[in-house]
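Sequences listed follow chains A and B, in order.
All letters in the first sequence, in the order written, are residues 1 to 95 by the working numbering.
All letters in the second sequence, in the order written, are residues 1 to 1043 by the working numbering.
None of these hints come from the bench; they were simulated from the model.
Fair warning: there could be bad hints in the mix.
[Unchecked claim] Calculated lysine-lysine pairs in the DSS-like style (CA-CA distance at most 25 Å, straight line):
hint : chain 1 : residue 1 : chain 2 : residue 2
1    : B       : Lys162    : A       : Lys88
2    : A       : Lys88     : B       : Lys215
3    : A       : Lys94     : B       : Lys320
[Claimed, not checked] Simulated coverage check for chain A against chain B, where a stretch passes if three residues somewhere in it have a Cβ under 8 Å from a Cβ of chain B:
hint : segment
4    : 2-8
5    : 50-62
6    : 75-82
7    : 88-94
[Unchecked claim] A short, non-exhaustive set of chain A residues, derived as facing chain B with CB atoms under 10 Å:
hint : residue
8    : Phe11
9    : Gly17
10   : Ala65
11   : Phe67
12   : Ser69
13   : Ile70
14   : Leu72
Quantities reported herein were computed from a predicted structural model and do not represent experimental measurements.
Where is the CB? At the ideal position from N, CA and C, for every residue including glycine.
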Amino acid sequence: MMIFWWLESGFSIRDGGEPWKSSIFGFSLFLAMIKRTRIYLLWTSLILLVIMVLFYMFWKIPWAATFGSIGLGILAIFLIGLLPELIKRGFIEKI
Amino acid sequence: MTMKHFPTWAFFVILSAFLTAIWFRGGMIFGGGDVGLQTYNPPRVLEIAKYIWWEATGPGSPVPQGLTAVSFNFIFSFLKLVGFSPFLMQASLFFLILTFSGWGMYRLIIFLLEAKYRSFALLGGLFYLFNPYAMVSVWHRFVHSTFFFMAALPFMIIFWLKWIRFQKPSALLIFSVITLLSLYAFGTLAYVLTLWVVLLMLTVCETLFPWRNFKFALKIFLRFIVALLFWIVVNGWWMVPVFTISPALLSAQHSNAETISTMINLGYQTVIPYSLQMVNPFYMFYQLDFGNAYLGLIRIFPWIFVAFILIGFIRALTEKGIAYLSVIFMAVFLLSKGVASPFGYPFIFGVDRFFFLGVLRNPFEKIGILLPLFGTILFVVGLTNATYFLKGRFGKLPALSLMMLALILIFSFSYPMFKGEIFGKFDKPEFVEVPASYQEADEFIKNDDKDKNKNPGKILHLPLTRRESISYNWPAGYNGLESSQLFFTGLPSIAHGFNVSRVDNSMEALYFAFHNPDLINEKVLKIFLKDFNIRYVILHKDVKWQGSDVFDPVLTESYLNKISFLTPLKQFGDLIVYKISDENFGPKITLAGDFKWVVPPNSSSSMPWILDSEKTIITPTQSQQIPDFGQNPAYVFPKSSFVFNQASSSASLDELIRIKPALKQNGELYAENLVDLIIDSNRKLVQKDIQSYEKDIRKIFSSALADYRLTVYVKDSYLSALFQDHLDVLNALGEQEVMTFLKEQLSQNNLMPKYKNEADFTERSIQRFEIGEGGEWEILYANLPPLKLTVDGEDLKMGSKVNLPKGEHEISFPTLYGDAVLIDMLQLQNNYLEVPLKPVLGDNVYRVSFQAKIETGSGFYFQLLQDGEKIEQFVNQSPGAGWVDYNFILPLTKSAVSEASIRFLTPAVRNFKLERRLQGDVILKKAANAPETSGDLAVLQIDQKSPVFYQGRIHLDKSAVLVFGETYHPGWELTLLDYGQKLTPSTHMLANLYANAWFIERGGDFDFSIYFKPQRIVNAGALVAMFGYIGLAGLSLITKKKA
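The shape of chain A in the complex, shown without the other chains (with noise of 0.2 Å):
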């Protein structure tokens, strides 16, 4: 959690979210080591760019940037709980 703090503001709080949001991003973490709850991750990142997407477009850019940075900070967490997986294979077999 304190390396998503780090990565977020370096340890500073600018919009208040930040502790939140590493928390959550540290529990992603956690589940993208496990393979069978990688998936739900993969699912609600895609979610939460969706609700991003629905935001964006009534021009509720705050709220969308919110949804998309966390929606898409998750997709890159997940994307390294497949790292051992690629590296052995090549590729991932199954999600």
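Assemble chain B onto chain A, guided by the hints.
Same frame as chain A, but now just chain B:
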């Protein structure tokens, strides 16, 4: 290219030709912005850019990145030779870029993806041409280096992977030749980093996914290193000069705080909703460059592209051989969005610690170019799989419909590209039509100036902007990079600033000298023009001067016409060519036996004062031994100056709290942190927690306050008053140690004088000096009357001389106001009361006092008008308050002002008094302790071989300085030959506040040469590159033969 691919190639050729025809149907070139007129005159650019020193942009500067333009301009010079007009050349360039971009992406998809994707490769090529990034951030942004990079990248990647996978020397050779042909791209230095980041990613993925064994990894790694080293060898001729000169140049232009502020601001535009669809909201939504259409439902189109990309992203992960593309896409995406969440902090961390990373301050522009590249490949993977899915489930028709839909969306989202509304604003394309008068004036000067090489001079263009850009009232308008060096090919043009304060201050002083006849006489102006080696002056009456940093050209014309030694030769359209008479022309290379040492002022206002005599001005550069110091007089100007008011105020804290949201909004991270610290320190002081307070104060002053950029938003006087308040509290608490520290820091940051008279509450000007030698110094005044001075805290007794030891000194005096205008009662005119500010020049500060009375409302407005710009201020007042006294300090915010006034709206005003602050310097002078020596000095011959090489002959009867009228740079080297004996004077100094000077210690007859040393690197590097290419070509042939 095999015949199999010919139809696709032909398709991209026809499509590109069609697009180019639409774009150029107006028959004019496009130009402006920070690009200027890149294809206007390739032979001229080649002539300038093949040398690392750009003499043509007088008074000269090193432009190492200009070397990257050589290959392109070399090729396009041939087009000019066969009669292509600028319009045809630009159209040809755009046609080639479009063709290679689309075709290159098509080939990359064929190369990377397996058979089932190949039938979609054409769609991939189209998507690469017509995606939101290509439309806005490439074509609309109009940065030519990005055009080249976009077109070359797919080919570079193909041949890079061929090299990495199969170790084919021919692949490495072709990769290197492609970089040579697209060298123009690396004029944007960041693209070097972008290229090697993507190549490194591809190489790492090749090694990692899947991991085979250590031996394989080592083999791939070695191929990477070999290719990198070869690339450096063949590109060293331009890279070494760029990397050795640019960091110094950049550091003079941008601070870390500025870079981080820019990055944070840009981060607002790259939040995920924008960056994921590869859209730049600034042009599309904020400025509405493409009109209102993109505010409508069309906004959903890019999300359909994103959907295909995401399908491709997930699908690619499950396919052998292409899973790495998803990993690279994610990495590229996280890098491109910069500081925006998520995971944006490493950028700030990096730039804060490594200055060089500042080249990536706009990551969406610099790395983002990789987004459409990998996005297109994943788009093809996604679309293909979606189509196959539909085909499998519902048959051919829905699958075909999906493809058609994708095609329609691609084309319709990029409709401005098909309407030819891609450059400039949709209703005002950035067409440029350079008036014919420019070519006529150039021809005229070339014919008039017969001795260009033997006695080279320069053209001074007026109005002279301090910026790098200019606006003209040309038939189609122009707003962009100042490009006089392209129009005027006979002589170098002094026409714009360099963003380097030393040179810009000198040029500004030269320009302002024309507009201040009250203070600057013809003699001074003559010396100025001689020092800058000016042969012609061209007045551009077509300059849009309002809102910029220049004076009205009509005003300038009136001054020019009064100058006796300036002859108006001819008018061409809006251009008037003046010539300096021969006896008043100063050659580029001169000798000076007696001169004056000057530590110059740090602004342009007092510079003309130094030119009161024809003596050459010499400034020793840092850590230099001054030869024969005592034999010549020395003048020391203040190294810093500021105005100080003794007034403590806790109200300044409110100002800091008020400004904080603006700092956050503007991404001023350093300034925001500083404000937090100051507020925190204030709280601790109130709580009398002195230990913590001291820690805060030490943190606050760990860097110079100016580095935080807080003073861009808050007046120095507020900070000064706040800390004076702190000092009062500390004094009351008896905390002497902390107080001493704080006083020292305030003094160092120009917020408080070092020697402060507690009983003096007048506004004082503080000037600080650094003198290299102790002794008796005379005090002189530039643009100021004689004053009652305080020197290092002691009142100066009558007389103008003072004994000062070596080191830093502080001189202060009460700030003076003059040129008073007194008006008893202002008369109402056109519903307002107006008082003109006279005399006005620029950067003036006025003190205004008056009495005002209002009958209704809660106050009144008054405005400061400068060349039509209004700065409005509201003053609170109750209607029944009667006549109320007001005092204001009003600084003009423009550096050049032709007309200014104060305007009152509605109230009755009386006893109006307006005074201008006298802005000048106190100067320390040390007299020469030896009489002037006699003896002949003569430059017998000058022969300019090239912009970087001069030869000639000089005669000296005594020691002297040789002055060379190009901008000072340590790269310039003087070599003397005395009957075969070679001498290289080591004392290289600054002359006439901008030029080069060398001290020649003895008399004699010398042949001399002046050479810009870094050019040797270019010449040697080009030779090495040539051998590198030949060697690799040989190796490729041998390998092929063996195979």
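Hint check results:
1. Distance hint between Lys162/B and Lys88/A is fulfilled; the C-alpha atoms sit about 23 Å from each other, no more than 25 Å.
2. With a C-alpha separation of about 16 Å, the suggested pair Lys88/A and Lys215/B falls inside the 25 Å cut-off, and the hint holds.
3. Between Lys94/A and Lys320/B the alpha-carbon distance is near 12 Å, which keeps this suggested pair within the 25 Å criterion.
4. By the rule of at least three residues with a Cβ nearer than 8 Å to a Cβ of chain B, the coverage given for the segment 2-8 of chain A holds, with 4 such residues.
5. Three residues within the 8 Å Cβ limit are the bar, and the segment 50-62 of chain A against chain B gives 6, so the coverage statement holds.
6. For the segment 75-82 of chain A, the stated coverage by chain B holds: 4 residues have a C-beta nearer than 8 Å to a C-beta of that chain, and at least 3 were required.
7. Against chain B, the segment 88-94 of chain A contributes 7 residues with a C-beta closer than 8 Å to a partner C-beta. That satisfies the three-residue criterion, and the hint holds.
8. Because the beta carbon of Phe11/A sits about 9 Å from the nearest beta carbon in chain B, less than 10 Å, this interface hint is met.
9. Here the hint on Gly17/A is kept, as its CB sits about 8 Å from the closest CB of chain B, short of 10 Å.
10. Interface restraint check: Ala65/A against chain B, minimum CB-CB distance 4 Å, threshold 10 Å, status holds.
11. Contact between Phe67/A and chain B, as hinted, is supported at the beta carbon level, the nearest pair being about 8 Å apart and thus within 10 Å.
12. For Ser69/A, the shortest C-beta to C-beta distance to chain B is roughly 4 Å, which falls under 10 Å, so the interface hint holds.
13. With a least beta-carbon distance of about 7 Å to chain B, the hint placing Ile70/A at the interface is held under the 10 Å criterion.
14. For the restraint placing Leu72/A at the interface with chain B, the shortest Cβ-Cβ distance is roughly 5 Å, inside the 10 Å limit, so the hint holds.
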